[in-house]
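First to last, the protein sequences are chains Z and S.
Each residue of the first sequence is one higher than the one before, counting from 1 in this note's numbering.
Each residue of the second sequence is one higher than the one before, counting from 1 in this note's numbering.
Hints are supplied without guarantee of correctness; some may be wrong.
Simulated crosslink set (DMTMM-like; lysine to aspartate or glutamate; CA at most 20 Å straight-line) [stated by the list, open to error]:
no., chain 1, residue 1, chain 2, residue 2
1, S, LYS56, Z, GLU102
2, Z, LYS57, S, GLU63
3, S, LYS60, Z, ASP63
4, S, LYS52, Z, ASP101
5, Z, LYS17, Z, ASP56
Simulated from the structure, these hints should not be mistaken for lab results.
Remember, predicted model here, so these are calculated numbers, not experimental data.
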Amino acid sequence: GAGVSQSPSNKVTEKGKDVELRCDPISGHTALYWYRQSLGQGLEFLIYFQGNSAPDKSGLPSDRFSAERTGGSVSTLTIQRTQQEDSAVYLCASSPGTSNDEQYFGPGTRLTVT
Amino acid sequence: GDSVTQMEGPVTLSEEAFLTINCTYTATGYPSLFWYVQYPGEGLQLLLKATKADDKGSNKGFEATYRKETTSFHLEKGSVQVSDSAVYFCALMEYGNKLVFGAGTILRVKS
Numbered sequence: 001g002a003g004v005s006q007s008p009s010n011k012v013t014e015k016g017k018d019v020e021l022r023c024d025p026i027s028g029h030t031a032l033y034w035y036r037q038s039l040g041q042g043l044e045f046l047i048y049f050q051g052n053s054a055p056d057k058s059g060l061p062s063d064r065f066s067a068e069r070t071g072g073s074v075s076t077l078t079i080q081r082t083q084q085e086d087s088a089v090y091l092c093a094s095s096p097g098t099s100n101d102e103q104y105f106g107p108g109t110r111l112t113v114t
Numbered sequence: 001g002d003s004v005t006q007m008e009g010p011v012t013l014s015e016e017a018f019l020t021i022n023c024t025y026t027a028t029g030y031p032s033l034f035w036y037v038q039y040p041g042e043g044l045q046l047l048l049k050a051t052k053a054d055d056k057g058s059n060k061g062f063e064a065t066y067r068k069e070t071t072s073f074h075l076e077k078g079s080v081q082v083s084d085s086a087v088y089f090c091a092l093m094e095y096g097n098k099l100v101f102g103a104g105t106i107l108r109v110k111s
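Given these sequences and hints, build the entire structure.
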């Protein structure tokens, strides 16, 4: 079946612009995660959605970052007023939702802020 | 907070050599432990996992044993192949289902 998909695969933006990154999880998966992979910080957790519960936003690095998940499926990560340090690969993952589940990762969106 | 430390790379081996990638963790409770692999040009995928002390995870000839007494989860393979060249990430999951990753270890296998 289809895996996790993300779009766009690459995004180049100017400093100060807003960007939106999209994630389509595996159908039926109730849990959705965003991570960031950068040279300086490695792989970092950003935010976690589980069903209809309030999201765990504890990993968001600043209030310029926000995410939503509509209808329990597609998620959008928004970065406002982008900075050069936001340049990274943004990874989305989903899982069936029970504890210790394998997380299935998408191919990522490479964001470059110039 | 929780953290994972893994050996720095790159690790360069000849085909059929024995592989060990060290991983140690710090956690307040009893986390689940994972090894993820990222092949060139591909996304992260789960290689193996262990959910409690003394469990051994295994897949594709790779093994790792959850050692609570040494807080370790070292990855081993008896005979590596060129196709094993990839970046390997050790990770733990304790609270809230979020993964905490190590820095990753690049493995290069030469024929």
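Next item on the list: Any hints from earlier that this structure breaks? Give me their numbers in increasing order, please.
Entry: 2, 3 and 5
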